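A.B. asks: Respectively, the protein sequence lines represent chains A and B.
Each residue of the first sequence is one higher than the one before, starting from 484 at the first, in the working numbering.
Each residue of the second sequence is one higher than the one before, starting from 11 at the first, in the working numbering.
Since the hints were made in silico from the structure, they are not lab data.
Incorrect hints may appear among the rest.
[What the hints assert, rightly or not] In silico DSS-like cross-links for lysine-lysine, where the CA-CA straight-line distance does not exceed 30 Å:
#1 Lys540/A - Lys647/B
#2 Lys492/B - Lys535/A
#3 Lys540/A - Lys493/B
#4 Lys191/B - Lys505/A
#5 Lys222/B - Lys535/A
#6 Lys505/A - Lys523/B
#7 Lys540/A - Lys492/B
#8 Lys532/B - Lys647/B
#9 Lys505/A - Lys526/B
#10 Lys539/A - Lys492/B
#11 Lys505/A - Lys540/A
#12 Lys191/B - Lys539/A
#13 Lys539/A - Lys227/B
#14 Lys493/B - Lys539/A
Predicted model only: the values in this text are computed from it and were never measured.
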Amino acid sequence: MSSVNRKIINQIENSDYTPEIKELLNSLLQIEARIAEDKKPHYSEDYDRVIKNLAKKRGYREDEE
Amino acid sequence: MNLDYLQMKNFRQYQDARIEFSQSPTRNFTIIQGVMGAGKTNILNAVTWCLFGDEKHIDKKYKGLPIVNTSALSKCEGKVCEVKVELQIIQSDGKRIRVTRCENWREQNSNLSKISMQHDFSIMRETGRDWVGPIYGDDAQYIVDSLIPPSIEEYFFFDGERMNDYFRENTGKDIKSAVFKISQLELCESLISHLSARRSEYLRLSRGLSSKANDIKMIVETLEKSQESDKERLKELLRDQAEAQRIEKEYSDKLRNSSLERIESLEERRVGLEDDLERIADDIEELEKEKVQFLHKNMPIIFAFDALTKTKSLIEGRKEAGMIPPPVKTVFIDSLLKKGKCICGSDITAKDELSCTRRKRVEAFLRQSELSEMSNDLINCNVQIQAMIDQVKVFPDTSVQLGKRLRELQTLKDTKNTDVEKIKVEISQSNAENIKEWGKERDKYNEKKIKIGNEAAILNSTIGRRDNIIRARTSEFTRELKKEARHNSLVSLMTFCEEGIHAAQEVRDAIMKNVKDEICKKTSEQFLSLIWKKGTYNGVVIDDDYNISVPHVSGREGLGTLSAGERQVCALSFMAALNSVSGFDVPIIIDTPLARISNEPTRSIAENLPNYLPNKQVSLLVTDKEYTPEVKETLSKVVGKTYIINFIEKDYGGLSELVFQS
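Pulled out of the complex, with its shape left as it was, chain A reads as follows (with noise of 0.2 Å):
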């Protein structure tokens, strides 16, 4: 469930950046949000998560890294 702004969203929808990179910022919006409204003061794994599964998309490979 989004608690973001649907202007932020609006704008990203709206721009020229690849699908992963939107995919990217939406997620991490979520994340925020729940980091605002939870004061959860871990962000580390939740990011690392989204970014290394985006990056899949775009040709990383986990077991290499």
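Got chain A sorted already, so can you dock chain B onto it with the hints?
C.D. replies: Same frame as chain A, now just chain B:
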């Protein structure tokens, strides 16, 4: 999104009150009218308390008072009194969400106490024809926060009088913060910061992974090229050697079939001697290998011989003295101490002086036994030392034997070589010219064969050594390739982060500019239409540093000289602009929106305000003084419902009732 109803039970002044908000798209205003102190602000507090568990607009005079209605609590006579606020929301898709927050209170011996509850916050959600829930705690709060983020609720539920103060004291920084909050650009800022941190982390991990694979690949390629060329050369040598051997044999056969009896026998013998020499050479090589292996096996023991015999003598000395092995096992003494009973049956729990002395003795015994436990290892070592000493006992004899055998073989080789040389000389001195020539030719090809053989042996050894180097370098190359792959993976993550950061910065900057420009434009338009001194101001300007100014038509800055009412209009315009560009579909509740504005201008505001909050459900909590007949008349086109708050009791916490008027 609209508010459907607000039900308050025993909350502050309200024992049992319900507001049903107007749902009409054209009559989108709900008016709640009451005199000062009747409980208007506590309706705003009931909303924020229900949604977020916090009375965000609590008045100083209520801060020390309990949330429970004191009249209702007194009537409960020591029994539990429930405070409950229920807010039903209609989402933009028409589905309803019912949010409920409760507290239980009790009064005993004039002491008020809050009683803890298992679930004080819950929501019910409408899905299709059914209601789902209740959903409790954090899950419920997450759903509510998703509808109305708590960080920006103050821009939807606000106090008109405080808004004036807020605006008067505002700096560019506060305005920027408001724009940031309402647009949620803080999320973008955090995202950029966190994504930069991840990029730095990937950079850190990639350090030391820069690959030498290319350099190693070049070395391996050069080595392989040399290897290929040497292998070709070796093939040539072996071919030449075989050819020399074949020609040598031809001449040898000619000599053996020369029909001269002496020459035949000499050549026959020479061939036999050459075969013997080959076997002797093999035997010498084999024996030398055996000697090297023998020395490798025994030399370390010989070098450490003195140390080993000294260690052995020390261990045996301790053994003879009865110090090792341990008389009693540590584990046994340990179990006695745990039981608190000695082997003789005496108490060693240390509960009295005597028992304490006994225990100390047993503990000393334990320490000794712990030390002697190590001697078990020493005994094992001693056995191994003895085996090593036994092994080198035969070293001198075996070494002499090997040396003797080698010398014998060398002597035999020398003798056979001398014999071969003698035969060669004899054949070369033969009277028959053709025999002489054949002998010469045979010797020439024999020498050539040996020379080529030596060269081939050296080349073969070089090829073998180079093969080992190539194998090692190829393994290194594979390792470097893996490193390179890891490095490339991390670089791809860094690049992805970099692109993400760049995109987030662009999104942030674009929204900042759009939102600021839009808020500036709308604030200015609204201010000019709401302000009653027409033709006095040019509008409202928000500069790049988010400093707000209200330029006078004469050109001078007018913000500092605005009256309280004008400032409130400016703030109201700004709040309405923030709302309209917020991107959030949240209804608005304004407490005392016209408190500081005199009669004449209020009509202008009442006329224009609905135009600036289109399609928004608006609830105004107004005093009788604000809601003049003129304002009422002006707003009548947009007001859907009106409630009046009546005082019942003014003392202590007070008691009010809500009466639906129209």
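A.B. asks: All hints, please: hold or fail.
C.D. replies: How the hints compare with the structure:
At roughly 56 Å between alpha-carbon atoms, lysine 540/A and lysine 647/B are farther apart than 30 Å, so this suggested pair is violated. A hinted pair counts as satisfied when its Cα atoms are at most 30 Å apart, and lysine 492/B with lysine 535/A qualifies at roughly 19 Å. Straight-line distance between C-alpha atoms of lysine 540/A and lysine 493/B comes to about 22 Å, which keeps the hinted pair within the 30 Å bound. A threshold of 30 Å between alpha carbons decides the hint, and for lysine 191/B with lysine 505/A the separation of about 22 Å falls inside it, so the pair holds.
Annotation: proposed proximity of lysine 222/B to lysine 535/A holds, straight-line Cα distance about 26 Å (limit 30 Å). With a C-alpha separation of about 20 Å, the suggested pairing of lysine 505/A with lysine 523/B holds against the 30 Å cut-off. The straight-line distance between the Cα atoms of lysine 540/A and lysine 492/B is roughly 21 Å, inside the 30 Å bound, and the hint therefore holds. For the given pair, lysine 532/B sits about 23 Å from lysine 647/B by alpha-carbon distance, which is consistent with the 30 Å threshold.
Distance hint between lysine 505/A and lysine 526/B is fulfilled; the C-alpha atoms sit about 24 Å from each other, no more than 30 Å. Under the criterion of a C-alpha separation no larger than 30 Å, the hint pairing lysine 539/A with lysine 492/B is consistent with the structure, at around 18 Å. Annotation: proposed proximity of lysine 505/A to lysine 540/A holds, straight-line Cα distance about 13 Å (limit 30 Å). Using a Cα cut-off of 30 Å, the hinted pair lysine 191/B and lysine 539/A is violated, with the two alpha carbons roughly 34 Å apart.
For the hint linking lysine 539/A to lysine 227/B, the alpha-carbon distance of about 29 Å falls within 30 Å, and the restraint holds. Taking the CA atoms of lysine 493/B and lysine 539/A, the gap is near 19 Å; set against the 30 Å cutoff, the hint holds.
Checked against the numbered hints listed earlier, the structure breaks hints 1, 12; every other hint is satisfied.
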